[in-house]
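Single-letter residue listing:
There are 2 protein chains.
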Amino acid sequence: MSELDVQSLQAEVNRLKLEVNALKVEDRSEQVYIGNYLLARLEQLGVKSMFGVPGDFNLGFLDLVEDHPTIDWIGNCNELNAAYAADGYARVKEQGLGVVLTTFGVGELSAINGIAGAFSEMVPVLHIAGVPSTAQQKLKPMLHHTLGDGRYDAYRKASEQFTISHAELQNSSTAAVEIDRVLTDCILHARPTYMTLPTDLVYTKISSERLKIPLSHLPPPNEPDEEEFVLSEIEKLVEEADNDVIVLVDACAIRHDVRKEVKELIQKTQFPVYSAPMGKTAVDETYERYGGIYVGSISHPEIKEKVESAKLILSIGSLKSDFNSGNFTYSIPTTRTVELHSSWTKIRYAGFPGIGMKQLLPKLTKRLHEVNAAARQIEVPKFVATVPEESDDVISHNWFWPRLSCFFKPKDVIVAETGTSSFGILDVPLPKDAVFLAQILWGSIGWTVGSTLGAALAARELGLGRTILFIGDGSLQLTVQELTSMLKKDLKPIIFLLNNSGYTIERYLHGKHRHYNDIVNWKWTSLLNVLGDVDGTKSKSYTVNNKKELSELLDNASFANAEVMQLVEVMMPMHDAPRALQVQAELSGKTNKYVA
Amino acid sequence: MSELDVQSLQAEVNRLKLEVNALKVEDRSEQVYIGNYLLARLEQLGVKSMFGVPGDFNLGFLDLVEDHPTIDWIGNCNELNAAYAADGYARVKEQGLGVVLTTFGVGELSAINGIAGAFSEMVPVLHIAGVPSTAQQKLKPMLHHTLGDGRYDAYRKASEQFTISHAELQNSSTAAVEIDRVLTDCILHARPTYMTLPTDLVYTKISSERLKIPLSHLPPPNEPDEEEFVLSEIEKLVEEADNDVIVLVDACAIRHDVRKEVKELIQKTQFPVYSAPMGKTAVDETYERYGGIYVGSISHPEIKEKVESAKLILSIGSLKSDFNSGNFTYSIPTTRTVELHSSWTKIRYAGFPGIGMKQLLPKLTKRLHEVNAAARQIEVPKFVATVPEESDDVISHNWFWPRLSCFFKPKDVIVAETGTSSFGILDVPLPKDAVFLAQILWGSIGWTVGSTLGAALAARELGLGRTILFIGDGSLQLTVQELTSMLKKDLKPIIFLLNNSGYTIERYLHGKHRHYNDIVNWKWTSLLNVLGDVDGTKSKSYTVNNKKELSELLDNASFANAEVMQLVEVMMPMHDAPRALQVQAELSGKTNKYVA
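Chains as they are written, first to last, in UniProt numbering: chain A, 1 to 596; chain B, 1 to 596.
These are computed hints drawn from the structure, not numbers from a lab.
Honestly, I wouldn't trust all of these hints.
A pair holds if it fits inside one copy or across any two, identical chains being indistinguishable in the list.
Stated by the list, open to error - 30 Å max Cα-Cα, derived DSS-like pairs, lysine-lysine:
{"no.": "1", "residue 1": "K304", "residue 2": "K140"}
{"no.": "2", "residue 1": "K17", "residue 2": "K382"}
{"no.": "3", "residue 1": "K268", "residue 2": "K311"}
{"no.": "4", "residue 1": "K409", "residue 2": "K48"}
{"no.": "5", "residue 1": "K48", "residue 2": "K512"}
{"no.": "6", "residue 1": "K311", "residue 2": "K492"}
{"no.": "7", "residue 1": "K523", "residue 2": "K547"}
{"no.": "8", "residue 1": "K346", "residue 2": "K17"}
{"no.": "9", "residue 1": "K304", "residue 2": "K540"}
{"no.": "10", "residue 1": "K488", "residue 2": "K540"}
Bear in mind that the values here come from a model prediction, so they are computed numbers and not experimental data.
Produce the entire structure from the sequences given, and follow the hints as far as they go.
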């Protein structure tokens, strides 16, 4: 039995202990407020920052949060930004979760797009809504923040669409069990969960007994005989493939926390490894046998050829969305594919529900150990970005992204907004231990402003490097106010604002010259001054109009050290876009025709 | 039969004609795109501005909007602001509706709090979501903006909670009928409705035949015998009350468009008239027999006494939410109450479903015609606001609101944010033909920024006066970016920004000295410059620190003429609040205890 299996078993034992505990009557442990029980659990799970907006019905709980010794209340400008921040925080913390606190109706509904995004992209976020007291929930008076028709369950019904489990705390006897249930679901499945916290229950006392048993994100062990069968089948295919095997990592390798296991696999086997866009940084992009980004027909030809000609593809945590698969243009037959997922495995056409990769991967690595000599012969194209020579001084996407790649450092947290940024950065290798955040499936523009706040807080907590955001002018306008929270919390992100006069990704999809893709141009370099850095000591802003100005700035040590918050307005042509976006837009246009 | 009855019958006839039309096969009329059919209907209903954000899946329809000769695309900074704007627009336009266009998933969910607010406060808003093509909806691929699990119906299910009807356009044969249905529901019931518009159907051609028959917001006539019975019963009670009758107007008198009918009733009968907070401006506040705002135990003592001692209360369009009723402290027995509503009537304890006030009111007025002489004897306290003498120069709420009342002019559109503003303005009479907007039931802070944009556009379309917004610094931060749209559209609102260092309404509810009610102070007077008025020609900003500075500004003719967009930062003490808010907070605190 592996060490991980033992840990998994221990986690399973703990879950059962909690179940037993719930059924016991006798209890002599210390009594705690339900509000504090919840906070104790969050503290155990590593939560140090909590996001949200105060509102009637959550103020009592906020007293407990504000008084908590290790959890910091961030206090966002609005609830959508807060949900985005919790999402960004959870992505960087890993093995932990993000928490967003809102108020009944008005607050929780404003956050719902952020929660749906966390659902879609598989990010563990707990959404706590402060709600009226249990007495009021029975009487259903026409309180402010209600729909006026007594439907107190409408918000929960909406939330249910975008969360994997929900607890409506209703009494003290089940509160702890319910809290533990939604927290466990959240961290075990890496998906958002939802909890309503009535004003009176926050200050109702319950036993603290259950707090002695920790919650775990580790899944239960796989069924041994089935696991053994799966391992043999995979081993057989690898042998048949004569070690012409490539590994393709994707989103869920990051979300379900198997980066370490994947690293061991590829180092021992020496199989070449590639990544889908959403799997970027699942494997160190400077690793010698890493070949870059595979994204179907949008891939660079050499990468496409290498991936698609392999005799066997070990696909780890794949998520084949349109933008993550070159608009569904993978050219890899199922007969040559083994798919490992968080809770199931697929070998060619055969599905094995219940066999999860977290436990499977180390065992697979062990089995495949000896085959590395042959695999090493297979050449892997070096993934590099070369700064092109261009005749003019205009900052083109073609030039911008490779140029930026020299600016990145190990452990940087790099956030790319949906649009030119998320496509542009794909072709650039990120440094060792860099963390990469983008919302390639959900694609809600404006998301990165909140998520950069959350990511920067998590990075500070974990001692990571700089937080660097790439965002267009159109996207920044959606959620701009959250920049003030970065100033408030003394964060020092570097924000590259690509000023290309509107929604460039939309222009590529449709309406290249339409006014509806225009936006009002703002005086970007005065923005941080207005949003809280009144005396100019907490931030710096720059405009760079050409390659020379940008290069000089990037080469400036003080700039690169990120000593204060910095915003760089990068002037770019309205109709320029990265190669990958141009090809994607062309493919999208074919399946999603707009004209008659 | 009254003229209104005839009109109602005509409306009913038209609805039936449309039904007949739907069942007919033969059709030789001109073919139009479904997208243009929808726009033609909106044009017929007086829509001249459309709100929203472009996104993949609505771009094709946006081409038609941009090319439409009379409908202007506003293009908001984000979808929540857009929904708020559509709400504000609908409130000022009356008899019309507001329209918000978003994209699949990410866009529509961001708007959902704004739509829920329109539901709660009964505002006719049509939410159109641009969605993938009908072919894609059948195949359900993992497109961007999806949840990744094929549930293409999740967003509609969430929307259903907050809209009274929904149409998922699926084919050309039912599209026109479906469009007409959700539009009719929207304007007839003054509630939001929801429609999905697939990319391919926008450019599918259908018959334009139905467009010849107009849609109507008029409800069908009441059942004549029951109506006659109701009229006799009310008449009897009025006689028994010996003409000691008062009229109490509320939200639905405005929302269901009976202001004209109420005016005729009170002028003929001379009954004293009072208003609930949400009914403010349903009756001209300068009318000689108007006594001011009744809000249960929060009312001024003289008003409370007059209202509660009347032998009969004719309540028109009441909506007894907590903040609209002094936390449910009406002291008016049911035996002395007649309630008229949009679709039902209640006489003491007896309910008459189906008897709506739009048709009933004119008939009631006719019946009660002769009783005015006696009613006239009942004295009505004059509703005035006196500017108090205060010893210091601090801008207190006590002084601010009466002082502002002299600044208002007839036909001004006045918007008050939930919080100190919405409570403060209650005690101040507004001029004749003023339009008043507040969100007293839903109470989503930040709402007024979007709704001021919509209100100002509607005011310009209708030739009304200035648009004046009162908002706190905490609330403005939620939705601040939308100020840029006002600059873009050359609107000239006057914005009074009450700078009291945070969420003052929350401080009164709970956590007076808590940090979670603090916000970052912004450089408010530079904001408009940053958000688009780069050369300073389109706006002016001011800070007023004391009574003298504010008075001088208000007396300045150029300021009062609203020649450009203006923002006035009004410095107020952090812990000051209007009387009504202080009392409301005390009452709320009793029913919604926070401490243990």
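Against the earlier hints, flag every one the structure doesn't satisfy and list their numbers going up.
Violated hints (numbers, rising): 2, 6, 8 and 9; every other hint is consistent with the structure.
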